[in-house]
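> Protein chains in written order, with our numbering: chain A, 1 to 121; chain B, 1 to 482.
Think of the hints as simulated: they come from the structure by calculation, not from any bench.
Glycine included, each C-beta is placed from N, C-alpha and C at the ideal position.
Accuracy of the hints is not assured; some may be wrong.
Listing some non-contacts, in silico: residues in chain A with all C-beta distances to chain B over 10 Å [said to hold, decoys possible]: (1) V29; (2) V36; (3) I100.
Over the 12 Å line for every Cβ pair with chain A, so calculated as not near, a few chain B residues [said to hold, decoys possible]: (4) S54; (5) P63; (6) I139; (7) E152; (8) D319; (9) I382; (10) L408; (11) L411; (12) A415; (13) V418.
Pairs of lysine to aspartate or glutamate, EDC-like flavour, derived with a Cα cap of 20 Å [what the hints assert, rightly or not]: (14) B:K145 <-> A:D112; (15) B:K148 <-> A:E55; (16) B:K426 <-> B:D356; (17) B:K363 <-> B:E470; (18) B:K95 <-> B:D356; (19) B:K148 <-> A:D73; (20) B:K145 <-> A:D110; (21) A:K117 <-> B:D147; (22) B:K145 <-> A:E115; (23) B:K31 <-> B:D92; (24) B:K349 <-> B:D197; (25) B:K349 <-> B:D431; (26) B:K291 <-> B:E432; (27) B:K148 <-> A:D110; (28) B:K148 <-> B:D185; (29) B:K436 <-> B:D356.
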Amino acid sequence: MLYLLSVPLLWLNLRIGDLLEPLINYFIVSLALLCVGVYGLIAKRNAIRLLFAVEIIINAAIINFVAFARYYDTPLITGQTFSLFAIALAATEAAVGLAIIVQAFRLNNDIDVLELKRLRG
Amino acid sequence: MDTPLIVLIVLTSVAVTSPLYGIIFGKKSLKYVQYLTTLSLLISLVLLISSTLSLTPQESTVPHLLRNDSLGSFFSLMVILVTLFVTITSFDYMKDNSNENIYYSLLLFTAIGMTMLSFAVDLLVIFVAWELMSLPTFILAGYNKRDKLSNEAAVKFFILGALSSGILLYGISLMFGITGSTNLDIISQSLPTVSADMLPFIIFSTISMLAGLGLKLSIVPFHMWIPDAYEGSPTTISALLSAATKKAGFAAAIRIFAVIFPIFSFDLALALSIVALVTMTVGNLAALTQKSITRMLAYSSIAQAGYLLIGLVVLPYSDLGLLGLLYHSFNHAILQASAFLAAALVRLKTSSSSLDSYNGLSKVMPITSFCLALSLLGLAGIPPLNGFWSKLVLFAAAVDGGYTWLALAGLVNSAISVAYYLLVIKRMYMDETSLKSIKEPFLFISILVFASVVIIVTGLLPNILYNISEDITLSFLSNNPV
Numbered sequence: 001m002l003y004l005l006s007v008p009l010l011w012l013n014l015r016i017g018d019l020l021e022p023l024i025n026y027f028i029v030s031l032a033l034l035c036v037g038v039y040g041l042i043a044k045r046n047a048i049r050l051l052f053a054v055e056i057i058i059n060a061a062i063i064n065f066v067a068f069a070r071y072y073d074t075p076l077i078t079g080q081t082f083s084l085f086a087i088a089l090a091a092t093e094a095a096v097g098l099a100i101i102v103q104a105f106r107l108n109n110d111i112d113v114l115e116l117k118r119l120r121g
Numbered sequence: 001m002d003t004p005l006i007v008l009i010v011l012t013s014v015a016v017t018s019p020l021y022g023i024i025f026g027k028k029s030l031k032y033v034q035y036l037t038t039l040s041l042l043i044s045l046v047l048l049i050s051s052t053l054s055l056t057p058q059e060s061t062v063p064h065l066l067r068n069d070s071l072g073s074f075f076s077l078m079v080i081l082v083t084l085f086v087t088i089t090s091f092d093y094m095k096d097n098s099n100e101n102i103y104y105s106l107l108l109f110t111a112i113g114m115t116m117l118s119f120a121v122d123l124l125v126i127f128v129a130w131e132l133m134s135l136p137t138f139i140l141a142g143y144n145k146r147d148k149l150s151n152e153a154a155v156k157f158f159i160l161g162a163l164s165s166g167i168l169l170y171g172i173s174l175m176f177g178i179t180g181s182t183n184l185d186i187i188s189q190s191l192p193t194v195s196a197d198m199l200p201f202i203i204f205s206t207i208s209m210l211a212g213l214g215l216k217l218s219i220v221p222f223h224m225w226i227p228d229a230y231e232g233s234p235t236t237i238s239a240l241l242s243a244a245t246k247k248a249g250f251a252a253a254i255r256i257f258a259v260i261f262p263i264f265s266f267d268l269a270l271a272l273s274i275v276a277l278v279t280m281t282v283g284n285l286a287a288l289t290q291k292s293i294t295r296m297l298a299y300s301s302i303a304q305a306g307y308l309l310i311g312l313v314v315l316p317y318s319d320l321g322l323l324g325l326l327y328h329s330f331n332h333a334i335l336q337a338s339a340f341l342a343a344a345l346v347r348l349k350t351s352s353s354s355l356d357s358y359n360g361l362s363k364v365m366p367i368t369s370f371c372l373a374l375s376l377l378g379l380a381g382i383p384p385l386n387g388f389w390s391k392l393v394l395f396a397a398a399v400d401g402g403y404t405w406l407a408l409a410g411l412v413n414s415a416i417s418v419a420y421y422l423l424v425i426k427r428m429y430m431d432e433t434s435l436k437s438i439k440e441p442f443l444f445i446s447i448l449v450f451a452s453v454v455i456i457v458t459g460l461l462p463n464i465l466y467n468i469s470e471d472i473t474l475s476f477l478s479n480n481p482v
């Protein structure tokens, strides 16, 4: 998904020749990823796809961190540090989430979140 | 004394080792794990009480990451107290469950995350603490893994909880890009100096962070998962989610918004005030129609988040705002924990949480009914109880900060909320029951009675907590001018 989005965007930008402000490219990619993630959360019903969508949002933020950290004149290590933390935490989150989803599959033989409607008010 | 670090070390040492005891010593280690968990929480509680009462910010080993001030101590005192309640009541509630050692370990990990979150002054630590607080609660919500309802609650809670941390992370990344730092002090210095072109990014970042925090603070439009998660998960965990994790989220929100507010105070305050109005109205109106006590309490918890938001709205205009927020946070934590734990005891004994099972409950479970009635009256804000005083301070803050309409809306909402709280009390005390007399477990009851004593004492002597909150507010605002 990253390649699909970033390649045309970067190509477009090179055509325009706006090489002086490369930061905006990274920001556009990360914004696009955020939109993909939010779209996935709204439109998809499979729990694992929803997990993917959340991971895509986290990756969008990680791209931001690394790009912004490079942008400042005095290179900042904070951005890279933060992205490493974020990657590790996203992995733990995926582990916990997959465990819960596996259990949901065992109980319901299905991981369609719209079929989860026992709890109703 | 560096209280946060000591508390974190005490809690972590027990949290990490208690699953090991289960592997090495088997089932009989459970009692020791329970005692150890309780003991570590009690030690932390004592340390935090002493550091809340000493108001000057004390030294910290990692001053750029964790600030050892009384605001953090106050919030972590609250969450540790609620975790202690939940731990002790879980002795009965979680009896004969598999892997009980891990349950207590996860409770402690949540407590560690919440403690870290209340002291954190760096966005990196805020994010790590946020995850450390959230991840164990996902597992705890689905703890009865053969129970379809518990699992459904966990799935819904997990997806929205993960979304919350993702969006929060995105907001933090933008804030880092704008200011070049993740430390809240440096951000507050450099935010006013960034160029005006950056304003859209600041707004986008603020909205992202508000959405990420809002999913935990249960503010409307991010409240959808709350009733499902609170109803499906073990009811002791609902108490933890509603009374503790939400308060820790408010601690982080105070620190972040105290930094962001000076940039564009009016627009943000107006937007937040509308969110507060919608939150309390939706919560109260939805609570009126519920058939299950946990769902009703969940919606009441959403409504109370609306009242608490008033404190954030008037943060720049009136000192009373932060004061009321702190004061009501404490009272709401005690009241909500007591109400949910009473509901947990009823669910344990009658294996039902529908409102019909509360008919005539006062005849079979007199002490539980009394404690539940007391906490519901407190949540409704009936005068001699503590919920009344803190709501009064919040509404006074709204008037003082120039949001008179918000105070009026809050009053109308309080009036609506009395209806559904009293309906439960009417069911318990007026209706007939078919149940036989039920034995109420001693530890459970002693926690409920203790909470009731706190509710009555802080209600009859409101100046104790008021003065503490006032001192904390003044010391926080003198260090972080808003």
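> If a hint holds in the structure, say so; if it does not, say that too.
Verification of the supplied hints:
| no. | hint | result |
| --- | --- | --- |
| 1 | V29 | holds, 13 Å |
| 2 | V36 | holds, 12 Å |
| 3 | I100 | violated, 5 Å |
| 4 | S54 | holds, 32 Å |
| 5 | P63 | holds, 16 Å |
| 6 | I139 | violated, 6 Å |
| 7 | E152 | violated, 5 Å |
| 8 | D319 | holds, 33 Å |
| 9 | I382 | holds, 26 Å |
| 10 | L408 | holds, 28 Å |
| 11 | L411 | holds, 26 Å |
| 12 | A415 | holds, 22 Å |
| 13 | V418 | holds, 20 Å |
| 14 | B:K145 <-> A:D112 | holds, 18 Å |
| 15 | B:K148 <-> A:E55 | violated, 26 Å |
| 16 | B:K426 <-> B:D356 | holds, 12 Å |
| 17 | B:K363 <-> B:E470 | violated, 42 Å |
| 18 | B:K95 <-> B:D356 | violated, 25 Å |
| 19 | B:K148 <-> A:D73 | violated, 54 Å |
| 20 | B:K145 <-> A:D110 | holds, 16 Å |
| 21 | A:K117 <-> B:D147 | holds, 14 Å |
| 22 | B:K145 <-> A:E115 | holds, 18 Å |
| 23 | B:K31 <-> B:D92 | holds, 12 Å |
| 24 | B:K349 <-> B:D197 | violated, 61 Å |
| 25 | B:K349 <-> B:D431 | holds, 19 Å |
| 26 | B:K291 <-> B:E432 | holds, 18 Å |
| 27 | B:K148 <-> A:D110 | holds, 12 Å |
| 28 | B:K148 <-> B:D185 | violated, 46 Å |
| 29 | B:K436 <-> B:D356 | holds, 15 Å |
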